[in-house]
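**Q** Okay, here's what each chain looks like letter by letter:
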Amino acid sequence: MADYSKPLPVLEGLTEEFYGWCRKGELRFQRCTECSAWRHVPREMCPECGSTDWDWQKSSGRGVVFTWTVAARPLHPAFAGAAPYAPVVVEMEEGVRVLSEVIDCPPGDLAIDMPVEVVFDAVTPDVTLPKFKRIHR
Amino acid sequence: MINLKNRACIAGIGETRYVRKPGSGLSQLALQLQAAKNAIADAGLSPKQVDGIMPFPNLGHAEEFAANLGIENLRFAATVNTGGAAPVASLRIAAMAVCTGAADAVLIPAGWNGYSGSRARETVSEDVSSLPGGVIARDYYLPFGLTAPPQWYSLMARRHMHEFGTTAEQLGAIAVAMRKHAQLNPNAVMYGKPLSLSDYMASPMITDPYRLFDCCLETDGAAAVVVTTAERALDLAKPQVTILGVASGQPYPADEITNRKDIFQTGLSIAAPEAFAAAGVEPRDIDFAEIYDCFTFEVLQQLEEAGFCERGEGGEFVQSGRIELGGMLPVNTHGGLLSEAHVLGMNHIVEAVKQLRGDAGERQVEDAELGVVTGWGDFGDGSIAVLGAGG
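These protein sequence lines are chains A and B, in that order.
Numbered according to this note's numbering, the first sequence terminates at residue 184, and the numbering increases by one at each position without gaps.
Numbered according to this note's numbering, the second sequence terminates at residue 433, and the numbering increases by one at each position without gaps.
Quick caveat, the hints were computed from the structure, so don't treat them as lab data.
Quick caveat: nothing in here was measured; it's all calculated off a predicted structure.
Every residue gets a Cβ at the ideal spot worked out from N, C-alpha and C, and that includes glycine.
If a hint is listed, it holds; no wrong ones were tucked in.
Each computed SDA-like pair below joins lysine to any residue, with the alpha-carbon atoms no more than 25 Å apart:
1. K303(B) <-> A84(A)
2. K53(A) <-> P174(B)
3. K105(A) <-> N301(B)
4. K53(A) <-> G176(B)
5. K303(B) <-> Q104(A)
6. K303(B) <-> W103(A)
7. K71(A) <-> L176(A)
8. K303(B) <-> S98(A)
9. K105(A) <-> E298(B)
10. K53(A) <-> M247(B)
11. K303(B) <-> V143(A)
12. K180(A) <-> R302(B)
Sample of chain A residues with no beta-carbon within 12 Å of chain B, all distances over it, derived:
13. D50
14. R75
15. T80
16. E81
17. S83
18. C96
19. D102
20. Q104
21. K105
22. S107
23. G108
24. R109
25. P172
26. K180
27. R181
28. I182
Pairwise CB distance ranges (calculated):
29. P315(B) <-> E59(A): 35 to 45 Å
30. N123(B) <-> E63(A): 21 to 31 Å
31. S98(A) <-> G368(B): 48 to 58 Å
32. P94(A) <-> R326(B): 30 to 40 Å
33. M243(B) <-> A129(A): 22 to 32 Å
34. R90(A) <-> E404(B): 46 to 56 Å
All chains, full assembly: derive it from the sequences and hints.
**A** See the structure below:
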């Protein structure tokens, strides 16, 4: 863990809360208590209705691959040894999309609409990243 | 809305040499000052007659431009914080400024040592967090290795390929057209280096679906323009190039690229109808377009969102020479960011002015009377100007 050298989120404000839930093994998104709209990334206000009241509600953890890219040439020094790797956009059942990765799928096997579910990767004692694995049906 | 049609114009243009190895040998400021000085002289003005400056975001302050150029009466200074959309968006603000009397003549410079200085590709955490939406990128994209612009935008390219069947060959047609045009432009970095579709297909992947030749150049260079009123320009040195319509727009949300309800919507989707309406023309009336080509797919996407073709038809539109000189809509007649130089899109405005003055030499579009220039920046901010020859 001590030698983890990839960029980490800065744990402040709503971002600290989002990743705090991940650290507890839960993927939660903000949901407006006024109009029930889900949202991600975290925001101070509901852009649908203007409400400032919301809860962190638990996601089903399931979604589908929406799109991805395959980084063949790393463009950041911390990912120099990681290529090829694929940042993936997952569309969750709640409708929000999350940028992450699918840990058990080689980039060449990714497909749009592939079903995936969340897993948690504790990359440092403070930071747990939400990642995904395939749901085999 | 007050229409500024025909009331402001681009009176002067300036450029430096565009180079890669061994670099410009000048500081970023010195490079931009050279282009600025050329643009002011081209307009037939003296620096003392310039009273507005609109620097590119994070590439210099109006104060230092003024102090070096001898601009003693600086009374209008502003920067539009939309990355590569800023030069064209600045045309809009400059036009508003000169038409309201907030300034008489506004200098808009842009330039950098994008090859020999800090490279566009070397995005690190501190760089992205200074962008609009950069904190989101830092906290939600970077930890997963989505670190740089080609990776952000290739997410949209893949989705477009999925929904509309857009192909690698179609993206390649864009790279080939830009390179073909650069063969007619001695200041293009890729002058003398033609590119075939098979060269394109054989080029290494950078971030699939983007190959090397889908990506713009990294270059040292600067360009600048001077905006003044149409009335004032009558007394100046060069034939008028008039701003007929100019607009900016933002995608929604602009600070986050993955959660848009409409993933292909960009700032241009909002800006283009406004600019064409103000100009009183339709996309089909346009003689040529200089489209911000950070990557090939962004050209295709902007052609669709600007209304040159329907969404989903861009792939077919860019094939069969339609966007080449002699085709229906020549695009990036100078070679663009892909094959002339990455001068932050300011080189696109300069090229449009050359075309409308009839000064484009071997690459002149015949009877060019109406041209479009677009800008694209950050997570898809957009800008567009419809420019016309004569008063």
